[in-house]
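So the sequences go chain by chain: G and L. Residues in the first sequence are numbered consecutively from 30, following our numbering. Residues in the second sequence are numbered consecutively from 27, following our numbering.
Some hints could be false.
What the hints assert, rightly or not - Derived coverage of chain L by chain G (criterion: at least 3 residues anywhere in the stretch with Cβ under 8 Å from a Cβ of chain G; other residues may be distant):
1) 99–113
2) 122–130
3) 388–394
Unchecked claim - Some chain L residues judged to face chain G by a derived CB distance under 10 Å, without partners named:
4) A402
5) K406
6) T407
7) Q439
8) E441
Derived by calculation from the structure, the hints in this document are not laboratory data. As the structure is a computational prediction, the values presented were derived from the model and not from experiment. Yeah, the Cβ is synthetic: ideal placement off N, Cα and C, and Gly gets one too.
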Amino acid sequence: MSVPQVAAAPVKKLGARGSGARGEARFAFLLLLPAALVVFGVVLYPVARTFVVSLFAVDSPLPGSYPFVGLGNYTRVFRDPDFYGVLGNTMYFTLVSTGAELILGTAVALLLNAPLRARWFWRSLVVLPWALPTIVNGALWRWIYNGQYGALNGLLEALHISSTPVQWLGSPFLALNMVIAADVWKNTSIVVFFILAGLQTIPSDLYEAARIDGASAWSAFWRLTLPLLAPSIAVVLVLRTIEAFKVFDIIYVMTGGGPASGTQTVAFYTYLQAFSNQLFGYGSALAYLIVVAVFALAMVYLRLLRQGQMAGVE
Amino acid sequence: MDHIETTQPMELVGTGPTRRVVLTVGGGLGLATFLAACGVGGGSGASGGAGSGKGAIRALVMKQAGYSEEDIRKMTSTFQAANPDIKVTLDFVAYEALHDKTVAAAPAGTYDVVLIDVIWPAEFGTKKIVADVSSKWPASWKEQMLGGAVATPQYNSHFYGVPWILDTKYLFFNTAHLAKAKVDAAQLDTWDGVLKAARALKASGVTKYPLVWSWQQAEALICDYTTLLGAFGGTFLDGSGKPAFQHGGGVQALEFMHQSITDGLTNPTSTQSLEEDVRRVFSAGQASMAMNWTYMFGMANDPKQSQVAGDVAVLQTPAGPGGRPGVNGSMALAVSAQSQHQDAAWKYITYLTSPPVQDKFALSSLPVWKSSYDDAAVVKTNPAVVEQAKKQLADLILRPQVKNYNAISLVLQAEIQNALVGKKPAQQALNDAADKTATLLGP
């Protein structure tokens with residue numbers, strides 16, 4: 030019934046290109062306006078403002094006239110000896126946690142993809158750590174690692190592995206590794222789900238064909254599963270690397286950056302400079318450098334992914 | 027259906043935004059964003075106002091040491107009963123979050139009342155985050171309050187708040203543990219005596235680690251270091267305002283701390299502990315001696331929260347070669363400079379800091395008023411601590427009163443921890459801290 034009416038309207042509009050067309054365009058913009066305002070308010074404005082602040086020696090949260098320093102805050106970052114320490118911690122955290130999450134996550138996903146009894150239950154169980162807020166996760170592990178009454182020392186003692194309580198968060202390098210372990214425990218879940226989703230897209234007849242060709246389970250994994258999982262791995266790798274590079278909350282709760290700054294990361298250091306020291310200009314420059322680093326990482330991964338896909342096509 | 031499919035693209039071509047429109051709008055939006063962001067500083071920039079003395083106010087306080095959340099809620103409800111036209115909303119945060127939340131909330135004027143530590147008036151006052159209330163301060167208060175309290179919200183002869191929590195660190199000990207190890211409590215009058223007692227307690231097997239401290243990389247570490255620095259005769263800054271903690275007493279204090287760890291007298295969890303961790307270990311009977319704020323006395327003697335209730339005694343800070351100054355760990359209530367209800371905020375502050383309210387809650391935190399210490403009811407609330415406080419509160423040592431104290435404190439925390447975990451010798455750690463501090467202090 031309504032078809033002829035719908036068809037007629039554009040003809041009329043096209044014929045009278047002018048007020049009617051502009052009216053619809055205006056209407057379209059009007060519809061887009063709320064979304065544009067939100068993007069402007071919560072993304073574009075803070076991004077632009079942070080950049081502007083990074084060019085001034087801002088040392089208060091309140092408005093005022095602050096000296097323009099140009100790229101001074103950026104060059105200062107590279108002259109700051111503490112920055113290199115926290116950058117090293119961040120790189121280590123990112124590499125080890127992402128690597129461990131990827132290996133562990135792939136292993137668990139393969140297990141959950143197998144025809145297990147009550148598979149739905151095991152799959153739901155894996156969500157739990159990820160569903161836990163990071164703050165709760167941090168507090169939980171802080172208690173588990175406590176050198177005086179922590180559960181980990183209790184377990185080691187009960188199993189007669191060690192009777193001397195270990196200060197898990199007592200020395201800088203060990204503490205960094207223990208924080209990584211807590212992060213891995215929580216974030217492996219998300220890797221599992223990405224990989225599991227990828228595994229479910231692989232047709233089972235491919236494995237059947239491989240089996241007929243005499244491929245072992247191991248070579249089927251290396252030559253079939255892994256290459257076909259590459260897109261899922263790349264996506265989860267980008268996400269986890271970026272998240273790990275920005276790590277803040279688990280450090281804030283578990284160690285406060287200590288002992289001896291051993292668990293301070295770039296994001297935590299940025300927070301300290303901006304809010305504790307009120308060096309907002311310097312903090313903004315640090316924040317921008319994090320953005321640049323994350324952007325570069327994302328570009329590298331996406332390029333690798335594209336190359337991988339191209340190679341696959343060939 | 028076919029008809030519709032053929033007409034849709036035409037309509038889109040005819041009315042959709044062209045590339046030029048998209049670029050113009052996008053570019054305009056980008057430029058507008060950049061220009062809008064060009065005002066440096068943050069927030070609306072609106073400055074505060076006195077208000078009508080009525081309305082809704084919001085206060086940022088601490089859920090840690092001093093008055094408990096329950097105490098503060100009780101005080102607030104009696105204030106509201108007496109002032110029904112003022113509604114107070116309370117936000118509680120851990121001490122570690124207090125400074126940063128105050129800073130972050132300042133531009134928006136979220137809070138009308140903020141609790142500030144003794145180390146912040148210089149920073150918050152000069153940056154106009156809290157209001158200068160010198161004109162509202164009755165001259166009589168300077169006489170009626172204890173000296174350490176009067177100094178708390180003061181910087182450059184200006185007052186930036188009203189003292190509310192008057193505190194220093196005391197030495198708590200477990201009387202049953204000392205009796206078991208046959209240690210005379212009189213020995214705890216000096217730091218040398220404390221170490222001797224700790225050795226005896228360890229040797230007798232009463233506690234594996236007799237001492238526990240709050241030496242996490244946080245301000246709590248600086249509080250304990252300040253106590254020891256004072257006892258060993260050191261100072262943070264010299265007469266000309268240059269770092270001096272890397273000489274004499276400052277170094278001895280850090281060596282004392284490190285040695286007590288390597289000797290197995292200090293619980294190794296201390297480097298990861300805050301005050302609440304110290305209280306838990308002490309209350310579980312796993313330490314015989316601990317430095318902490320007043321509040322621990324009540325909680326460690328409460329059978330509901332402590333396994334050592336009834337065995338807890340308190341002494342003023344032990345003496346060293348430089349005397350026994352206690353760290354000034356007092357806090358004040360301040361009016362936010364961006365508050366639109368400064369009169370109502372002031373009313374609330376003067377109520378919370380008034381002698382009757384402070385006297386009533388003396389078990390959690392001792393009053394700032396001299397007269398309270400002669401009030402039998404107050405003494406009865408907390409006789410053991412009042413007895414020590416009378417001596418200790420007259421002898422307090424301040425941490426550096428400088429605008430960028432926090433930055434200096436972060437440097438010191440990191441370097442002191444470097445020494446405590448054995449990454450650097452004490453002297454080198456403090457030399458490094460002094461170099462960085464000198465840069466932060468400027469010429």
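Hints, one by one, checked against the model:
1. 99–113: violated (count 0)
2. 122–130: holds (count 5)
3. 388–394: violated (count 0)
4. A402: violated, 40 Å
5. K406: Violated, because the Cβ-Cβ distance from L/K406 to chain G comes to roughly 35 Å (cut-off 10 Å).
6. T407: Violated, about 31 Å.
7. Q439: holds, 8 Å
8. E441: Since the shortest Cβ distance to chain G is 9 Å, the answer is holds.
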